[in-house]
Amino acid sequence: MITWLPVASMGRLAACAPQTPAEAEVLAALLAGARVCLSRSALEYRRYRYSAPLGIYRNCVGLERRLREMGICVTGTSGR
Numbered sequence: 001m002i003t004w005l006p007v008a009s010m011g012r013l014a015a016c017a018p019q020t021p022a023e024a025e026v027l028a029a030l031l032a033g034a035r036v037c038l039s040r041s042a043l044e045y046r047r048y049r050y051s052a053p054l055g056i057y058r059n060c061v062g063l064e065r066r067l068r069e070m071g072i073c074v075t076g077t078s079g080r
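Okay, so the sequence shown: first residue is 1 according to UniProt numbering, each after it adds one.
Hints are computed from structural coordinates only; laboratory data are not their basis.
Model, not experiment: these values are computed from the prediction.
Treat the hints loosely; a few may be bogus.
Simulated DEER-style distance windows between Cβ atoms [unchecked claim]:
hint : residue 1 : residue 2 : range
1    : A28       : A8        : 16 to 26 angstroms
2    : T75       : R49       : 28 to 38 angstroms
3    : S51       : A28       : 28 to 38 angstroms
4    : S51       : A29       : 14 to 24 angstroms
Glycine included, every Cβ here is placed at the ideal spot set by N, Cα and C.
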């Protein structure tokens, strides 16, 4: 379970380029077929929903989509 995911870490995980031991652990778990969950409230970019420029926010939404496609389960998304 990922409890906090800064934007920088989100981008590195989506690119499969971990730079910290925690990011490497998440990637290794995904490669091993383990279930990795992330609370929606743990996504840093969501805190800037109303203040971030639309282009940057959309880019972050795209990164979240890539993480889902990689197998990360985002909880707190209306049953998804």
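Here's how the hints hold up against the structure:
1. In this structure the hint that A28 and A8 lie 16 to 26 angstroms apart at CB holds, the actual value being about 19 angstroms.
2. Between T75 and R49 the C-beta distance comes to about 18 angstroms, which lies outside the given range of 28 to 38 angstroms.
3. At roughly 35 angstroms, the beta carbons of S51 and A28 sit within the given window of 28 to 38 angstroms.
4. Checked against the hint of 14 to 24 angstroms, the C-beta distance between S51 and A29 comes to roughly 33 angstroms, which is inconsistent with it.
Against the hints set out earlier in the document, violations occur for numbers 2 and 4.
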